[in-house]
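Engineer: So the sequence shown is residues 1451 to 1499, counted in my numbering.
Bear in mind the hints are in silico, worked out from the structure with no lab data behind them. Any given hint could be a false lead.
[As the list claims (entries may be wrong)] Cβ-Cβ distance ranges computed for the label pairs, FRET-style:
{"no.": "1", "residue 1": "P1454", "residue 2": "I1493", "range": "52 to 62 Å"}
{"no.": "2", "residue 1": "V1487", "residue 2": "V1467", "range": "12 to 22 Å"}
{"no.": "3", "residue 1": "V1476", "residue 2": "P1453", "range": "28 to 38 Å"}
{"no.": "4", "residue 1": "M1451", "residue 2": "T1492", "range": "30 to 40 Å"}
{"no.": "5", "residue 1": "L1486", "residue 2": "M1451", "range": "49 to 59 Å"}
{"no.": "6", "residue 1": "G1469", "residue 2": "S1495", "range": "46 to 56 Å"}
Where a beta carbon is used, it is the ideal one built from N, C-alpha and C, also for glycine.
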Amino acid sequence: MKPPSPDPATDNKSPGVPGFRTWRGVYIFVFAFFVLVVVLLTIFSRCFA
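With the sequences and hints as input, model every part of the structure.
Structural biologist: Here you go:
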């Protein structure tokens, strides 16, 4: 038996997010933003405590 051919609509690996062409770019952006928020929270908690 021959396996079914992949559907071209589901074969697209684009995340569909403006400004990002790959999922890897989305993951890197989210991780970098998370690190930035943690660093800023640390700095602000020391400044305003």
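Engineer: Next, verify each hint and record whether it holds.
Structural biologist: Hint by hint, here is what the structure shows:
1. Range check, P1454 to I1493: Cβ separation about 54 Å, and the 52 to 62 Å hint holds.
2. Checking the proposed 12 to 22 Å range against V1487 and V1467 shows it holds: the Cβ atoms sit about 19 Å from each other.
3. For the pair V1476 and P1453, the beta carbons lie near 29 Å from each other, so the given range of 28 to 38 Å is met.
4. A hinted range of 30 to 40 Å for the beta carbons of M1451 and T1492 is inconsistent with their spacing of about 58 Å.
5. Hint check: L1486 to M1451, Cβ distance near 51 Å, so the stated range 49 to 59 Å holds.
6. A hinted range of 46 to 56 Å is violated for the C-beta pair G1469 and S1495, which are about 31 Å apart.
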